[in-house]
Structure formats: structure tokens, C-alpha cells
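So you can see what is in the structure, the chains are spelled out below.
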Amino acid sequence: MAFTNEQMERYSRHIILQEVGVKGQKKLLNGKVLIIGAGGLGAPAAMYLAAAGVGTIGIVDADEVDLSNLQRQIIHGTADVGKAKVKSAKETMNAMNPDVTVNTYREFVTSENIMDLIKDYDFIIDGTDNFPAKFLINDACVMAKKPFSHAGIIRFKGQLMTYVPGEGPCYRCVFKNPPPKDAVPTCKQAGVIGAMGGVIGSLQAMEAIKYLIGVGDLLTGKLLTFDALKMEFHTIKLPKADHKCAICGDHPTITELIDYEQIECPDH
Amino acid sequence: MADFTIDETVDITDVVCPMTFVKAKVAMEELEIGQVLSVHMNDGEPVQNVPRSFKEEGQQVLKLIDNEDGTYDLIVKKLEE
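Line by line, the protein sequences give chains D and L.
So for the first sequence, the UniProt record's numbering puts the first residue at 1; every next one is plus one.
So for the second sequence, the UniProt record's numbering puts the first residue at 1; every next one is plus one.
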């Protein structure tokens, strides 16, 4: 595959980089990333991956764009309110970069559909806003041996970590089980500063890009936290993969995917 | 007498920085290790930057030929993928 003049110019700032170059850009164009959730995290992640020329990007979300989303979900505009988020996201990405094929899945991930959704992708981005989905994505990625980026944002805080099979702990090694119902507020109840999605979602895109190109160090075995009020980033070294982990351990006790009960928001 | 054989040539006189090096780098990509690329460029910015950029990437600059018409030919041997 030779670059067209337009591609040479579009990706010139990548091609100039020694760590990317022509080969790295071709890896991106051949890369396939699935983004689960087209919200605060998924919006910036999808936009940076589309701009970077990741050739195939899948987006999973059953929701429609709501006016209250627009404070942070920058892939959607005011005219998109009421539209399926996956459709709105696809339109933005297609307008940004015609090199990208966007596959849309207007559904929520469940134990029934997730294995089929992730199977054709090289890297998964967890841009969901609830613990049942986060544990489901972790367990499915461990089972399918797929690398993924976990992230969570709330109020002025954000965190992320990366799982690569065989290269460190999974999300369940670190967090074991979803917290009890109502023990933790969702971001609908607690609020979130809009730019937090931009910071953390962009870092997730960065992890996907580095994974596809094969350069640098990923957040495997590490948890990166960001406190916007203190303006502090911390990278915490995590314990090694837990041999007793219920999903990635030596003798996993979870052999079928679990749909944990969703915590209902009182205001919805 | 030239002590090298040119395997491929690329003309970057039709573009400006940073596309000059991008176009040269994309052309270099097609070569095998040990092959030689001739890059036809304008005087000025490309002559300043393109040889240096190739060196930074580990390629061997063999010669910069002044064509005495405002253009140069940079002869580069590929050492790194």
C-alpha cells in the first residue's frame, strides 16, 4: 500500500517522527480499535483515533445524544440531540478523516454480545460509566486475550490502566468485584468536569496508538491517576497479576461472563 | 567518477517544509538496506534540513551535489529500516 499525496500530507507530522514513520502510520491504517461507550471518554478517544488514521474503528453505544451530554462529549453537537450516539459519532469521524471505516453497534455490551463485538479488533477502549460494564469488558478481554484500556472519571478525578494479556494484572486483579449497589455514585449523580473526559480519553487513545505502532511503555501493571484540582498526575505501580484472580488467575472461578446488576440512577 | 549507484530518485522541489522530508522519507521506505536514494531538492531550507533529518534517522549521507541551477541532489544510503 503506497501513500497518496493527500495521505502523505495528512499524516506528515506522524511520518516525520522516528518512532512512527511510514511503517507506524501503515500499522495505524491497518489497525482496528473498538470503543465501548461514545460518551465523555469515548468521544475524544474516537476523535483522536480517527484523526490519527486508525483504519477501522468500532463504536458501541445504545444511547441517544442528550443535551446534558454536550458539556463533555465533544464528538456530538447541539443538532445531534436525539440522534443515536453511534450515528452522531460516525458522522463526526467520517467528516474528520475519510480514510477511516467506522463500524457502529447500537447496543449496550452484555454477556451475550461482547465476545462477538470484540473478536475482530486489535485493541479495546473501555469508555463506559458503570462498574458492571467495566468488569464485563475486563472479563471478556481476558477470556478473548485482547488488550484493553480501562478508564474512569468522576468529579475532578480520573484514572486509567492498560491490560495486555500476560503482561500484568487485569482490572479484576486490582479491584476484585464491583462495589455494592449505591456505595459509589455514578457520574450522573456526582457530576464530572467536562475536560476530564478529554484528558483521560485522549490518554486512552494514546495507549491504543502506542500499542498499534508497538512503541514505548504502556500502562501495564500501573494505574495512572489525575487530580485536576491539585493538578497532579500519579503513576502507581500495581502488584503483579494475581495468581488467585477469579478471571486471569491460574484456576479461574469465573468461566462464564457475568451481567452484574446495573445501578439505577434516581434522577433517570 | 561516482563511487555509488543510484537505485531510486525522488523530486521534492514541488513541496515545502515539512513535506520535503516526508516525501523523501516515504521514498526511502521503498528501498532495501544498502540501496541508494537520490533526492532532488531546492536550495535553502531543504538543503539545511533534509540531510540532517536523514542522519538523525541513522541513514548515511554520501554526497550533496550542487547542480548550480538552484537545486541540489542529495545522495543517501539506506542503513536503517
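Take these hints with a grain of salt, some might be off.
Unchecked claim - Residues from chain D that face chain L, not an exhaustive set, calculated with beta carbons under 7 Å:
1) S12
2) I16
3) V22
What the hints assert, rightly or not - The list that follows gives simulated cross-link-like pairs (lysine-lysine, PhoX-like), each with its CA atoms no further than 25 Å apart:
4) K181/D with K26/D
5) K55/L with K23/D
6) K157/D with K119/D
7) K176/D with K157/D
8) K244/D with K176/D
9) K26/D with K55/L
10) K32/D with K157/D
11) K176/D with K32/D
12) K222/D with K176/D
13) K176/D with K146/D
14) K77/L with K23/D
15) K26/D with K63/L
Rather than coming from a laboratory, the hints here were simulated on the basis of the structure.
Just so you know, even glycine gets a beta-carbon here, dropped at the ideal spot from N, CA and C.
Now for the hints, and whether the structure bears them out:
The criterion of a C-beta within 7 Å of any C-beta in chain L is met by S12/D, whose closest approach is roughly 4 Å, and the hint holds. Interface restraint check for I16/D: the shortest CB-CB distance to chain L comes to about 6 Å, inside 7 Å, so the restraint holds. At its closest, the beta carbon of V22/D sits 4 Å from a beta carbon of chain L; the interface hint therefore holds under the 7 Å criterion. Under the criterion of a C-alpha separation no larger than 25 Å, the hint pairing K181/D with K26/D is inconsistent with the structure, at around 45 Å.
Taken as a hint, the K55/L and K23/D pair is honoured in the structure, with Cα atoms around 18 Å apart against an allowance of 25 Å. As the CA atoms of K157/D and K119/D are separated by approximately 31 Å, the hinted pair breaks the 25 Å bound. Between K176/D and K157/D, the direct Cα distance comes to roughly 21 Å. Compliance with the 25 Å bound is thereby established for this hinted pair. With a C-alpha separation of about 11 Å, the suggested pair K244/D and K176/D falls inside the 25 Å cut-off, and the hint holds.
As the CA atoms of K26/D and K55/L are separated by approximately 23 Å, the hinted pair is consistent with the 25 Å bound. Pair hint K32/D plus K157/D does not hold up; C-alpha atoms about 29 Å apart against a cutoff of 25 Å. Distance hint between K176/D and K32/D is unfulfilled; the C-alpha atoms sit about 29 Å from each other, more than 25 Å. This hinted pair checks out: K222/D and K176/D have alpha carbons roughly 16 Å apart, not beyond 25 Å.
A hinted pair counts as satisfied when its Cα atoms are at most 25 Å apart, and K176/D with K146/D qualifies at roughly 19 Å. Distance check on the hinted pair: K77/L and K23/D sit about 19 Å apart at the alpha-carbon level, within 25 Å; holds. Straight-line distance between C-alpha atoms of K26/D and K63/L comes to about 30 Å, which puts the hinted pair past the 25 Å bound.
The structure does not agree with the numbered hints 4, 6, 10, 11 and 15 stated previously, though it agrees with the rest.
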